[in-house]
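There are 2 protein chains.
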Amino acid sequence: MAATGWPGCAKSLKGVILDMCGVLYDSGEGDGVAIHGSVEAVKKLKASDLQLRFCTNETQASRETFVAKLQRLGFDISVSEVFSPAPAAVAVLKDRCLRPHLLVYDGLLPEFDSVDKTNPNCVVIGDATENFSYQNLNEAFRVLIGLEKPVLFSLGQGRYYKETDGLKLDVGVYMKALEYACDLKAEVIGKPSPTFFQSVLSDMGLQPHEALMIGDDLVNDVGGAQHCGMKGVQVRTGKYRPSDEKHPTVTADGTVDNLAQAVDMILNQRH
Amino acid sequence: MAATGWPGCAKSLKGVILDMCGVLYDSGEGDGVAIHGSVEAVKKLKASDLQLRFCTNETQASRETFVAKLQRLGFDISVSEVFSPAPAAVAVLKDRCLRPHLLVYDGLLPEFDSVDKTNPNCVVIGDATENFSYQNLNEAFRVLIGLEKPVLFSLGQGRYYKETDGLKLDVGVYMKALEYACDLKAEVIGKPSPTFFQSVLSDMGLQPHEALMIGDDLVNDVGGAQHCGMKGVQVRTGKYRPSDEKHPTVTADGTVDNLAQAVDMILNQRH
Numbered sequence: 016m017a018a019t020g021w022p023g024c025a026k027s028l029k030g031v032i033l034d035m036c037g038v039l040y041d042s043g044e045g046d047g048v049a050i051h052g053s054v055e056a057v058k059k060l061k062a063s064d065l066q067l068r069f070c071t072n073e074t075q076a077s078r079e080t081f082v083a084k085l086q087r088l089g090f091d092i093s094v095s096e097v098f099s100p101a102p103a104a105v106a107v108l109k110d111r112c113l114r115p116h117l118l119v120y121d122g123l124l125p126e127f128d129s130v131d132k133t134n135p136n137c138v139v140i141g142d143a144t145e146n147f148s149y150q151n152l153n154e155a156f157r158v159l160i161g162l163e164k165p166v167l168f169s170l171g172q173g174r175y176y177k178e179t180d181g182l183k184l185d186v187g188v189y190m191k192a193l194e195y196a197c198d199l200k201a202e203v204i205g206k207p208s209p210t211f212f213q214s215v216l217s218d219m220g221l222q223p224h225e226a227l228m229i230g231d232d233l234v235n236d237v238g239g240a241q242h243c244g245m246k247g248v249q250v251r252t253g254k255y256r257p258s259d260e261k262h263p264t265v266t267a268d269g270t271v272d273n274l275a276q277a278v279d280m281i282l283n284q285r286h
Numbered sequence: 016m017a018a019t020g021w022p023g024c025a026k027s028l029k030g031v032i033l034d035m036c037g038v039l040y041d042s043g044e045g046d047g048v049a050i051h052g053s054v055e056a057v058k059k060l061k062a063s064d065l066q067l068r069f070c071t072n073e074t075q076a077s078r079e080t081f082v083a084k085l086q087r088l089g090f091d092i093s094v095s096e097v098f099s100p101a102p103a104a105v106a107v108l109k110d111r112c113l114r115p116h117l118l119v120y121d122g123l124l125p126e127f128d129s130v131d132k133t134n135p136n137c138v139v140i141g142d143a144t145e146n147f148s149y150q151n152l153n154e155a156f157r158v159l160i161g162l163e164k165p166v167l168f169s170l171g172q173g174r175y176y177k178e179t180d181g182l183k184l185d186v187g188v189y190m191k192a193l194e195y196a197c198d199l200k201a202e203v204i205g206k207p208s209p210t211f212f213q214s215v216l217s218d219m220g221l222q223p224h225e226a227l228m229i230g231d232d233l234v235n236d237v238g239g240a241q242h243c244g245m246k247g248v249q250v251r252t253g254k255y256r257p258s259d260e261k262h263p264t265v266t267a268d269g270t271v272d273n274l275a276q277a278v279d280m281i282l283n284q285r286h
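Top to bottom, those sequences are chains R and X. Sequential numbering from 16 applies to the first sequence in the working numbering. Sequential numbering from 16 applies to the second sequence in the working numbering.
What the hints contain is simulated information worked out from the structure, not anything from laboratory work. Treat the hints loosely; a few may be bogus.
[Claimed, not checked] Below, a list of computed lysine-lysine pairs in the DSBU-like style, where the Cα atoms sit at most 30 Å apart: (1) R:K254 <-> X:K200; (2) X:K58 <-> R:K183; (3) X:K132 <-> R:K164; (4) R:K84 <-> R:K254; (5) X:K26 <-> R:K200.
[To be verified] Each pair of labels, with its calculated beta carbon distance range: (6) X:V130 <-> R:D131: 46 to 56 Å; (7) R:V94 <-> X:K109: 36 to 46 Å; (8) R:H262 <-> X:V130: 34 to 44 Å; (9) R:A83 <-> X:D46: 52 to 62 Å; (10) X:L199 <-> R:T266: 22 to 32 Å; (11) R:S148 <-> X:G161: 45 to 55 Å; (12) R:V130 <-> X:T210: 16 to 26 Å; (13) R:V130 <-> X:D180: 25 to 35 Å; (14) R:A62 <-> X:G181: 28 to 38 Å; (15) R:R114 <-> X:S95: 31 to 41 Å; (16) R:S129 <-> X:L182: 24 to 34 Å; (17) R:Q150 <-> X:E79: 48 to 58 Å.
We put the beta carbon where it would ideally sit given N, CA and C, even for glycine.
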């Protein structure tokens, strides 16, 4: 019988999903910096028999721009391996014949080039930062309140994140604002939405128990993956905090110092 | 035994509290316009043996500026008769030795002149409109998240209101945003907070059953007053909508066409 705990479960794994910011690199000035050992760890995974995908809630750049940055940091990574909320949203919009009013970061707009945005019948918000002006939020609100059945998509539901100049409000805060204004519940696209994880599994052609998620966000990465039936391992880099190891509702299957350590443990189990 | 229904209850009344916007006047270009019959109705109340106070959630101007506008519209009204959230907030801040970081409309700032704002240990938000920029909301967030016990005061909790150029997001929307960002519950100052209505009753020296609230907002005016033990009558002016008369949780003690009709009915009962 296969071991179900960490790292024993690695024996029967067929795929690994990696969070990006806080696992591969730390954001900051310019491109940010690769986390020690992560470039090499990705190389080792690619050389193994495991499938590999990257899964991020990044909504401040198109995947092309974002992947180019990771490549400059030394990572062997391509656009087709990266899952982020905007392309997932585009798929949903097309599937449901919805035309979005967009309130997103300027750099994300190219992801929506192929979508009809005339006469909008839904609203999509991302981490728009400075674009979250009173006027822009009011405009999104007026679109929603004018619809018979208002539909709001939120690319993630984070509260805040850290940048070099301090904490910044994330998209979830504005999602809550519009939910209250219009008395509705937003549809979240991105981690920890099960639909989002499922789309990564489908792309690999794997069942949940055959895949492992590695992330620095206990609730969105680890908890979200576990909720889908995957194993979830947390790294002590990025937004990890010691209190995560005593979290009231989410317990990681394993906690490791960094991605390099996680990958070595996985590959050791398989030899 | 005294009649308890409307308008019979008017026989035993000792005081009346009037909402302002939508009852006395409609906002719009410049000062807006007095609602037909309201100037005369206020005169009649003042000539009666009833006490009279005005109770508003207005937070876009100091009471001085606001009352001067009402006087220009023809109303016999003075600052000491008007209860609005900002002065109530100032009283709470002083009582609890709190120093606010303010995110309010520029015109409201004079209300807080007497308050120490150095090294803030709480945040006060009002209907700040354009001042609700990403940067300003982030600044308020950083103050809160940096406090050991974050305290957020919201001057009202409205979702939105109507101006001549369309619907505008109200303070409650940003209250929800900061509540989610900081995982806290704001303290609402203004209608429908019981503390706020109680301060008006205290000023008149009356018990709740001796006072009647007249407003156009079913939930905040009528429901709020009823929650405190007062009677609540709704006028069919301002933000009144026919669906209010079939509201699932709030039923007005009476519904009248406008303030003039309400006042005539009250005074007729007393002669």
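Against the structure, the hints:
A threshold of 30 Å between alpha carbons decides the hint, and for K254 (chain R) with K200 (chain X) the separation of about 25 Å falls inside it, so the pair holds. Only pairs whose Cα atoms come within 30 Å are accepted, and K58 (chain X) paired with K183 (chain R) is rejected, the gap being roughly 52 Å. Restraint check for K132 (chain X) and K164 (chain R): the C-alpha separation of about 44 Å exceeds 30 Å, so the hint is violated. Simply put, K84 (chain R) and K254 (chain R) have alpha-carbon atoms about 20 Å apart, close enough for the 30 Å limit, and the pair holds.
Proximity of K26 (chain X) to K200 (chain R) is assessed by CA-CA distance (about 47 Å); at most 30 Å being required, the pair is judged violated. Judged by the Cβ atoms, the range 46 to 56 Å given for V130 (chain X) and D131 (chain R) holds: they are separated by roughly 52 Å. Between V94 (chain R) and K109 (chain X) the beta carbons are some 58 Å apart, a value that contradicts the proposed interval 36 to 46 Å. Restraint check, H262 (chain R) to V130 (chain X): a C-beta distance of roughly 39 Å satisfies the suggested window 34 to 44 Å.
Taken as a hint, the range 52 to 62 Å holds for the pair A83 (chain R) and D46 (chain X), whose Cβ atoms sit roughly 57 Å apart. As the Cβ distance of L199 (chain X) to T266 (chain R) is approximately 26 Å, the hint placing it in 22 to 32 Å holds. For S148 (chain R) paired with G161 (chain X), a C-beta distance near 24 Å fails the hint of 45 to 55 Å. At about 49 Å, the beta-carbon gap between V130 (chain R) and T210 (chain X) misses the expected band of 16 to 26 Å.
Hint check: V130 (chain R) to D180 (chain X), Cβ distance near 29 Å, so the stated range 25 to 35 Å holds. Checking the proposed 28 to 38 Å range against A62 (chain R) and G181 (chain X) shows it is violated: the Cβ atoms sit about 59 Å from each other. At roughly 54 Å, the beta carbons of R114 (chain R) and S95 (chain X) sit outside the given window of 31 to 41 Å. Between S129 (chain R) and L182 (chain X), the C-beta spacing of about 31 Å keeps the proposed range 24 to 34 Å intact.
Our hint of 48 to 58 Å for Q150 (chain R) and E79 (chain X) is violated, since their Cβ atoms are close to 29 Å apart.
In summary, the structure is inconsistent with hints 2, 3, 5, 7, 11, 12, 14, 15, 17 from the numbered list given earlier, while agreeing with the others.
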